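Chemist: What follows is the residue order along each chain.
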Amino acid sequence: MAKVKMYTLSTCPWCMKTKKFFRENNIPFEFTDYDLLSEADQKKLMKELIELGCTGAFPVVIIDKEVIIGYNPDTYKQVLKLK
Amino acid sequence: MNVESRKTMLRLMFEPVADKLGYKFSPDTELVEFLLEQEVNLEKKHGSPFCPCQALTNEREHDMKIVCPCIPFHLKHFDSMRRCWCGLFVHKDITDPDSLPQIPESGINLKEV
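Chains as they are written, first to last, in the numbering used here: chain X, 9 to 91; chain P, 769 to 881.
Source of the hints: derived by calculation from the structure; they are not laboratory data. Only a predicted model underlies this, so the values are computations on that prediction, with no experimental measurement involved. It is possible that some hints are incorrect.
[Said to hold, decoys possible] Lysine-lysine pairs mimicking DSS-like chemistry, simulated, CA-CA at most 30 Å apart: (1) X:LYS27 - P:LYS833; (2) X:LYS13 - P:LYS833; (3) P:LYS813 - X:LYS52; (4) X:LYS27 - P:LYS813; (5) P:LYS812 - X:LYS27; (6) P:LYS775 - P:LYS812; (7) P:LYS833 - X:LYS52; (8) P:LYS775 - X:LYS28; (9) P:LYS792 - X:LYS28; (10) P:LYS792 - P:LYS844; (11) X:LYS27 - P:LYS844; (12) X:LYS52 - X:LYS73; (13) P:LYS812 - X:LYS25; (14) P:LYS844 - P:LYS788; (15) X:LYS28 - P:LYS813; (16) P:LYS833 - X:LYS51; (17) X:LYS51 - P:LYS844; (18) X:LYS55 - P:LYS844.
Just need the whole structure built from these sequences, with the hints factored in.
Modeler: Here it is in structure tokens:
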């Protein structure tokens with residue numbers, strides 16, 4: 009099973025849709041709501057996300073080593089090899 | 769001012785700005801209502817109606833570029849998607865906003881736009 013980690017914002021409807029997609033497909037995932045972290049933790053995380061190619065736009069989904077920015081179910085399916 | 773009144777104010781403030789840039793509010797009214805409510809909450813917490821789908825970094829220069837409507841700061845990127853990142857605004861000719869995926873800035877060739 010692929011390891012799925014996502015970075016989201018609690019205010020972002022596309023982040024909610026992303027979580028819904030993985031739940032509906034019974035794919036376990038870990039997530040972190042960036043905006044609910046402390047300022048220090050946000051700074052640390054943003055540094056890591058910039059290294060992954062994030063420009064501040066959410067959601068950021070990491071499936072194994074594949075980084076997908078934005079809500080894109082077709083790409084999730086492709087990377088997860090779902091029909 | 770309550771949330772509904774502020775949402776109405778934001779609508780009135782945003783509409784002419786978006787219009788001049790060739791954009792309109794998304795026909796997805798449920799999405800628009802949700803996003804405006806998030807913006808009112810972000811404004812209460814942080815002082816400005818920031819984009820609910822982009823991260824605040826506490827660096828003023830960056831954060832000012834995601835105050836809604838943030839279209840002027842991301843024009844080529846948003847024009848290529850025909851929507852803004854959160855989907856509050858779409859190009860004026862769009863009738864089916866669900867057909868417009870989010871494409872990260874790195875995923876488009878800005879020179880071709």
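Chemist: Indicate, hint by hint, whether the structure satisfies it.
Modeler: These are the hints, each one checked on the structure:
1. X:LYS27 - P:LYS833: Status holds; Cα separation ~27 Å.
2. X:LYS13 - P:LYS833: holds (27 Å)
3. P:LYS813 - X:LYS52: The hint holds at about 21 Å.
4. X:LYS27 - P:LYS813: holds (25 Å)
5. P:LYS812 - X:LYS27: holds (26 Å)
6. P:LYS775 - P:LYS812: With a Cα-Cα distance of about 12 Å, the restraint between P:LYS775 and P:LYS812 holds, given a limit of 30 Å.
7. P:LYS833 - X:LYS52: Distance of about 21 Å is within 30 Å: holds.
8. P:LYS775 - X:LYS28: Roughly 27 Å separates the two Cα atoms, so the pair holds.
9. P:LYS792 - X:LYS28: holds (28 Å)
10. P:LYS792 - P:LYS844: The hint holds at about 17 Å.
11. X:LYS27 - P:LYS844: Holds, at roughly 29 Å.
12. X:LYS52 - X:LYS73: Within the cut-off at roughly 20 Å; holds.
13. P:LYS812 - X:LYS25: Answer holds: P:LYS812 to X:LYS25 is near 25 Å, not above 30 Å.
14. P:LYS844 - P:LYS788: holds (15 Å)
15. X:LYS28 - P:LYS813: Within the cut-off at roughly 27 Å; holds.
16. P:LYS833 - X:LYS51: Given that 30 Å is the threshold and the Cα spacing comes to 18 Å, the pair holds.
17. X:LYS51 - P:LYS844: This hinted pair holds, its Cα atoms lying about 27 Å apart.
18. X:LYS55 - P:LYS844: Holds - the C-alpha atoms of P:LYS844 and X:LYS55 are around 25 Å apart, at most 30 Å.
In the structure shown, no violation is registered for any of the earlier numbered hints.
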